Amino acid sequence: MNGWKVLLVDDEKDFALTLAERLGMRRIQVSTAFSGEEALNLLETYQPDVMVLDLMMPGMSGSAVLGRVKNLYPNLPIILLTGLSSTAEGVSGISQGAFDFLIKPLQIEELIEKIGLAVKRRSSVEADRGK
Amino acid sequence: MKDTLFIGKITAAMTHEMKNVLAIIRESAGLAEDLLAMSDESAFPYKDKFLKIMGKIENQVIRGSEIMAQLNEFSHIPEVERQSEDLNLVLNQVIFLSKKLSRLNAVDFFVEQTDTPITLNSNPLTTRMLIYRTLEFLAPVIDKGSEIRLKALGHTMGDDGFSVTIIAPVSNSFLLEKILAGPEWNALENEFRNNGASIGSSAGKNSLIVHFPQ
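Chains B and U are the protein sequences, given in the same order.
The opening position of the first sequence corresponds to residue 21 in the numbering used here, with each subsequent residue numbered one higher.
The opening position of the second sequence corresponds to residue 41 in the numbering used here, with each subsequent residue numbered one higher.
Isolated chain U (complex conformation) (with noise of 0.2 Å):
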């Protein structure tokens, strides 16, 4: 078994477990609520309190069981070698599991969502470890609080494939320069090139232009 698949099975496994974790706390903060609500303000002068509290963990749980939800769809990626798949949804999900970089970085990632879906053939597992790749690279340097645009491309490099254009914004243009000068950008264009695709940047426009060949 590939190492990747094992990663994999045993993810959706745990994502499963943890499903069934996330239900009881539902449910045992639920059956709480109903017992304040049964009772008084008199018999129970923390009733407000508890029952905001109660709100929160309901809150946490619907965000755990997102991550849940998008990690065990995650976990079953490896199973298949190529996909047909639209490139919309591959960058959403992509920008949903770089929520943890988005927040250490203090930048935003945002998807240009295109108005017809945009169906690249590609392995799954590589196309999201170098779009990742690419948001690990920028968030870092660019100015916090400002946001990653990601948007899906048809044809443009006169090729069957595909690309998605990575608008970054770096106020200052001597920075970016640096940083596309950088041994870090030389590691990731070689990462790009070692699995079949390619990553420039676009003088002047603060973006990166990532392809996939189909």
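If we strip away everything but chain B, and leave its shape as in the complex, we get (with noise of 0.2 Å):
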């Protein structure tokens, strides 16, 4: 996991603060960001392996961020963090080209490995691109 850069998008600042850092203990580099906006904006200029997103936002919902990254950064891959009950939103999310999903509260152990597949998925579909 030495390296990998993750975008952290929820609008629960305490949460994504905390796991930001207890990612950063395992040396996952984390950036966040508290809405979909500033998800976006940020994405101009840092380019990160992996994006962690929130489906339920105040603004732009995750589901909107989501369509947006996709279209914009088709290589990016991302894990959505749902809630409760709300499987069948992690379901659309993944027939709308999201990696993989997460309900809220999360294992944290569950999530690196879920970010680590994610990365092993993107660097064999850029190692398969560049053949």
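Errors might be hidden in some of the hints.
Simulated coverage check for chain B against chain U, where a stretch passes if three residues somewhere in it have a Cβ under 8 Å from a Cβ of chain U [stated by the list, open to error]:
| no. | stretch |
| --- | --- |
| 1 | 28–38 |
| 2 | 41–53 |
| 3 | 118–130 |
Pairwise CB distance ranges, derived in the manner of DEER restraints [as the list claims (entries may be wrong)]:
| no. | chain 1 | residue 1 | chain 2 | residue 2 | range |
| --- | --- | --- | --- | --- | --- |
| 4 | B | E41 | U | P85 | 54 to 60 Å |
| 5 | U | P85 | B | K140 | 38 to 44 Å |
| 6 | U | N246 | B | G87 | 40 to 46 Å |
| 7 | U | A227 | B | G117 | 54 to 60 Å |
| 8 | B | P78 | U | T159 | 26 to 32 Å |
The set of hints was computed from the structure by calculation and includes no laboratory data.
The structure presented is a predicted model; accordingly, all values stated were derived computationally and were not measured.
The beta carbon of each residue, even a glycine, is placed where N, CA and C say it ideally should be.
Two chains, two separate frames, one set of hints: put the complex together.
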């Protein structure tokens, strides 16, 4: 997990900042954005390996952000964070191009595993394109 | 908007908020645990005690998440007038939502799962309410420490409806007869009747039969 770069997008600042600190302790570089708009602005200058995106946010919804990001940066894998009993939202997100989803409150080990799988998938897709 | 829809809508929104609260508690406890793991015993003499406390917080977050998930699912029930669903799942959900009732009366509720699904087409809110009301009727009167067992049945009343048998251990049969002759039982029977369902006792078996028409 050394050097993985993650953009974490969640309007719950306490959640995002604490999770970012915990991921940082595991040598994952995390940038945070607290809205969809902020995330899209950040992506103009910052290239993460993976984006972790909350689906339910005020303003631009996670679903809308997912659509925009898949359009602008098709190679960027996105892991969605979704609410209770909303597995359907996560499944729908995957059909819109998300890599995977997790239900809050999440287990950090599970998130790290999914980030790792996303990074691996991205690398293999990019390697295939380079052939 | 119907009252039940409004209550359901607000409950669904609030369970979502609670989910975020639990997520922050989990991450904060997790961070404290990470920091403790990096410190040695001599630097922090209460390390083990704190790690145990963190474990308790984690367990309560899991418990709270499960409650919120079930409550959120329940809050969407009033959105449909009728739906087809497995009666086993209905019983499991009611049992989960009756945990407080079970604890307050020192009794357990248990669902005997059937091998195959028993699909009932009914008003999902009414079905749950009537099963809950039956448990609420029985819990205070049965023997403390005993178990109320619920089992979905197929067609038993010569129509397309489905039944649930509710076995309630009452050690004193005289007491059971007295309970079933009381005003609470009459009120429960009326409640079932008013909702197009029925409830009856099975003599000598300490059990009640709840019947839902299709």
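We went through each hint and held it up to the structure:
1. 28–38: holds (count 4)
2. 41–53: Our answer is that it holds, as 3 residues pass the Cβ test (under 8 Å) against chain U, meeting three.
3. 118–130: Contact hint for the stretch 118–130 of chain B vs chain U: holds, 4 residues under 8 Å.
4. B:E41 x U:P85: 54 to 60 Å: The hinted range 54 to 60 Å is violated for E41 of chain B and P85 of chain U, with Cβ atoms some 25 Å apart.
5. U:P85 x B:K140: 38 to 44 Å: About 43 Å separates the Cβ atoms of P85 of chain U and K140 of chain B, which means 38 to 44 Å holds.
6. U:N246 x B:G87: 40 to 46 Å: Between N246 of chain U and G87 of chain B, where Cβ atoms are some 59 Å apart, the hint is violated.
7. U:A227 x B:G117: 54 to 60 Å: holds, 56 Å
8. B:P78 x U:T159: 26 to 32 Å: For P78 of chain B and T159 of chain U the Cβ distance comes to about 40 Å; the hint is violated.
Comparing the model with each numbered hint stated earlier shows that hints 4, 6, 8 do not hold.
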